[in-house]
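Visitor: The working numbering applies: residue 264 is where the sequence shown begins, and numbers increase by one.
Treat the hints loosely; a few may be bogus.
Unchecked claim - Derived DEER-like restraints, expressed as beta-carbon distance ranges: (1) Q304 / L281: 14 to 24 Å; (2) T331 / E307: 37 to 47 Å; (3) P342 / T372: 20 to 30 Å; (4) F271 / G367: 31 to 41 Å; (5) S378 / E293: 31 to 41 Å; (6) S378 / R279: 28 to 38 Å; (7) W335 / Q273: 33 to 43 Å; (8) E329 / N299: 42 to 52 Å; (9) P295 / H341: 42 to 52 Å.
To be clear, the hints were calculated from the coordinates, so they are not data collected in a lab. Built from N, CA and C at the ideal position, the CB exists for glycine as well.
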Amino acid sequence: MYQDLSYFEQDQVMTRVLHPKEILDCILIEAPELNNDASAQFLEDINNSVANMAIAISFQHHTLSETTAPLWELIDQHPDSYLRSEQSVVEGHPLHPGAKLRKGMTPETAINYSSEFCSTNSL
Numbered sequence: 264m265y266q267d268l269s270y271f272e273q274d275q276v277m278t279r280v281l282h283p284k285e286i287l288d289c290i291l292i293e294a295p296e297l298n299n300d301a302s303a304q305f306l307e308d309i310n311n312s313v314a315n316m317a318i319a320i321s322f323q324h325h326t327l328s329e330t331t332a333p334l335w336e337l338i339d340q341h342p343d344s345y346l347r348s349e350q351s352v353v354e355g356h357p358l359h360p361g362a363k364l365r366k367g368m369t370p371e372t373a374i375n376y377s378s379e380f381c382s383t384n385s386l
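Please model the entire structure based on the sequences and the hints provided.
Guide: Okay, structure coming up:
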C-alpha cells in the first residue's frame, strides 16, 4: 500500500517532513547497520540536491516574478517549446531522492550549465 512520505504520523499527530534527511534519519534508527560510508555519501547527495533545488526554485521565482502569463503559455509561445518545458522543470523527479543533484559542480557552475537556468553555451 502506498503511503505519503511527506508526513510522519506519531501518536495520531501528523508532522510534515521538511528535509529529506529526516527520512534517512528514520531509516538509520530502524536499521542502524545501514549507517555506513554509503549512507554518509547518500546524505551528502541529499544535501547537494536540496541546495541546488533551492537555487533553482529561487531562480525561477525571480525570473517569473514579472510574468502574469500561465507557464503553459510561456512554453507554447517559446521558439523551442520542448527546451522551454525542460527549463521549467525545477523540482526534478518527484520520486527521486536526488533531484537536482549536481555532484562536483559549484553553484556557479550549476547555474552556468544546468537547463533550468536558461544559459546558453557554445560547444
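Visitor: Next step is simple, just say for each hint if it's right about the structure.
Guide: Consistency of the hints with the structure:
no., hint, in the structure
1, Q304 / L281: 14 to 24 Å, "holds, 22 Å"
2, T331 / E307: 37 to 47 Å, "holds, 40 Å"
3, P342 / T372: 20 to 30 Å, "holds, 26 Å"
4, F271 / G367: 31 to 41 Å, "holds, 33 Å"
5, S378 / E293: 31 to 41 Å, "holds, 37 Å"
6, S378 / R279: 28 to 38 Å, "holds, 29 Å"
7, W335 / Q273: 33 to 43 Å, "holds, 40 Å"
8, E329 / N299: 42 to 52 Å, "holds, 48 Å"
9, P295 / H341: 42 to 52 Å, "holds, 50 Å"
No hint from the list above goes unmet by this structure.
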